[in-house]
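Novice: Chains A and B, in that order, give the protein sequences. Take 280 as the starting number for the first sequence in the numbering used here and just add one per residue. Take 24 as the starting number for the second sequence in the numbering used here and just add one per residue.
Take the hints with a grain of salt, since some may be wrong.
[To be verified] Below are the EDC-like pairs computed for lysine to aspartate or glutamate, each with C-alpha atoms no more than 16 Å apart in a straight line:
1) B/K26 to B/E150
2) B/K323 to A/E424
3) B/K181 to B/E112
4) B/K26 to B/E154
5) B/K155 to B/D317
6) B/K318 to A/E502
7) B/K316 to A/D420
8) B/K318 to A/D420
9) B/K144 to B/E154
10) B/K77 to B/E28
11) B/K316 to A/E424
Because the hints were derived from the structure by calculation, they are not lab data.
Residues per chain are reported as follows:
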Amino acid sequence: MLVLIGVLLVVLGFALRLNPFVVVTVAGIVTGFLGHLSVTAILNAFGNGFASSRSVTLFVLVLPVIGLIERFGLQEQGRRLIARLSGLTTGRLLVIYQFIRQVSSALGLASINGPAALVRPLIYPMAEGAAERRFGRALPDPMREKVKAFSASADTVGQFFGEDIFVAIGSILLITGFVDTTYHLKLDALNVALWAIPTAICAYVIHGTRLYLLDHRLGRMAEAAGLTGRTDRAEAQEAGR
Amino acid sequence: MIKVEWFYWLCGAIFLAVAVLTVADRTNAKRYGSGAFWGLLGAAFIYSTFVVHKTAPAWVLGLAVIAMALLVATGRLGRGTTPGPTRAEQESGADRFGNRLFVPALTIPVVVIIFAIGLAKIHPGGEPLLEKSSETLIGLGVAAIVAVIIGFVMLRPKSPLAPLNEGRRLLEAIGWAAVLPQMLATLGQLFVAAGVGTQVGRITKNVLPDNSLIGGVIVYCVGMALFTIIMGNAFGAFPLMTAAIGYPVLVQHFHGNPAAVFAIGMLAGFCGTLCTPMAANFNIVPAALLEMKDKYGPIKAQIPTAIPLLACNIILMYVLAF
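With the hints as constraints, model all of the structure from the sequences given.
Specialist: Put into structure tokens, the structure is as follows:
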């Protein structure tokens, strides 16, 4: 039971809002000692864990180009583009994006790293631009944070509940690999993947509804912050610039 | 054959270049500590290749990782005051380039699709062109290179170092969160090595009600979600929960359809992934990338989806698998 202290440390550390990087390192060392691992074994675990998980950090490669085009006005252009598509509100845009992300993940494109390659440069500026068109450019911080949070969530939910429909994804291979070797079954990967479809539909309906309702929520937040909707003329000026 | 390790080296080289630029950045009050952090990270990326190939000891890398944690813990990691694009810069750029600004950004998904779907199937001379199971990652790496070339030629920034400096600006905003997912992967492995999983599995078994199908389904799904919240990913939870309940109770005793039980069980775990800061690459890094004030913002947006979705999974498994 003692080894569970590591888990407790993590929970406490996150709850107390200590630096997660430090919390995780300390919890790892403590768990290693409680599990009677030697110092070398713990250091080896840190080394091997780092080396074998580098793929999650590979998104860094796209940061130079994204930073560059942002400097030359990518986010501004995102706002202008969305200003011309007046039917596309923040919520509707994210509903569409989640659909694209979910379907493309189901076709095997889950690991494109949506947050770095798609959300930061394209989706978030347009989602924010749509909110600014409706409520003016001086959006209060809580509204910006809300748009950011839901832009990120549309990507994550879309990826999670799309990727399992693709046969050659890690989780499906883990299921068939583990079950076939441990219990001597012969599971067909395609069959397992097909059983992910009902949940995928539920995920799209549930999160899509919440994304759709985001527009109302932003409206309420704007009202509470004393922002009124913008006049049609201001909107037309913005769009026609 | 194009290998994914080449792109890890490129990534390492970017970290090393960021380290050099950081040390030279006088606007950063913590430039030496920060430079050491990024430098260690870059060196660790390159050294890792030899660890993966088992030609170098892993403990050296372990020491480097803990040194990085010490730099963070003692507050030595900071950022410079390189300003982001001003509104004037953005507007004049948008006036000049218009929708062409989207070209480099859209290059990335297009190139990834070409690699993941097209080039992945090509075997010149009987050998696959792209390293197996890393096709999308290789695509992402190539896409980044192609996009930066297109961006550079199109925009003609004044300094040839502009992409690197802009990349550094974003990377400094992300800070230590960039490496957190790798730390959590390590922690997961340590949890397994120390036997945390077996303990949690034992506890779950004890709460299992006798001879109740719906009870078994609920414990399996909720257990997958909770265990995933602790471990940070459903892959760690799946073998343990399946050995404790999924196979012996749901498949053997109640004759559930194994494909449906396991597929939906895994997705119940994914509901847990939506709720946990332990899944940093999905939940914390996006917050850092979007420069959010509340690093838990995405999780807060996802929990109200995760809970009804978990309930859906329980119902779907109960109805479809039995």
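Novice: Determine for every hint whether it applies to the structure shown.
Specialist: Structure-based check of each hint:
1. Between B/K26 and B/E150 the CA atoms are separated by roughly 12 Å; this keeps the pair inside 16 Å, and the hint holds.
2. Note on B/K323 and A/E424: the hinted pairing holds, with a Cα-Cα distance of about 11 Å set against a maximum of 16 Å.
3. The hinted pair formed by B/K181 and B/E112 meets the criterion: a straight-line CA distance of about 13 Å does not exceed 16 Å.
4. The straight-line distance between the Cα atoms of B/K26 and B/E154 is roughly 5 Å, inside the 16 Å bound, and the hint therefore holds.
5. Note on B/K155 and B/D317: the hinted pairing is violated, with a Cα-Cα distance of about 38 Å set against a maximum of 16 Å.
6. With a CA separation close to 25 Å, the supplied pair B/K318 and A/E502 exceeds the 16 Å bound.
7. For the proposed pair B/K316 and A/D420, the alpha carbon gap of about 9 Å is at most 16 Å, so the pair holds.
8. Distance restraint check for B/K318 and A/D420: the Cα-Cα separation of roughly 14 Å lies within the 16 Å cut-off, and the hinted pair is therefore satisfied.
9. For the hint linking B/K144 to B/E154, the alpha-carbon distance of about 11 Å falls within 16 Å, and the restraint holds.
10. Among the hinted pairs, B/K77 with B/E28 is consistent with the structure: their alpha-carbon atoms are about 14 Å apart, no more than 16 Å.
11. Among the hinted pairs, B/K316 with A/E424 is consistent with the structure: their alpha-carbon atoms are about 7 Å apart, no more than 16 Å.
Checked against the numbered hints listed earlier, the structure breaks hints 5, 6; every other hint is satisfied.
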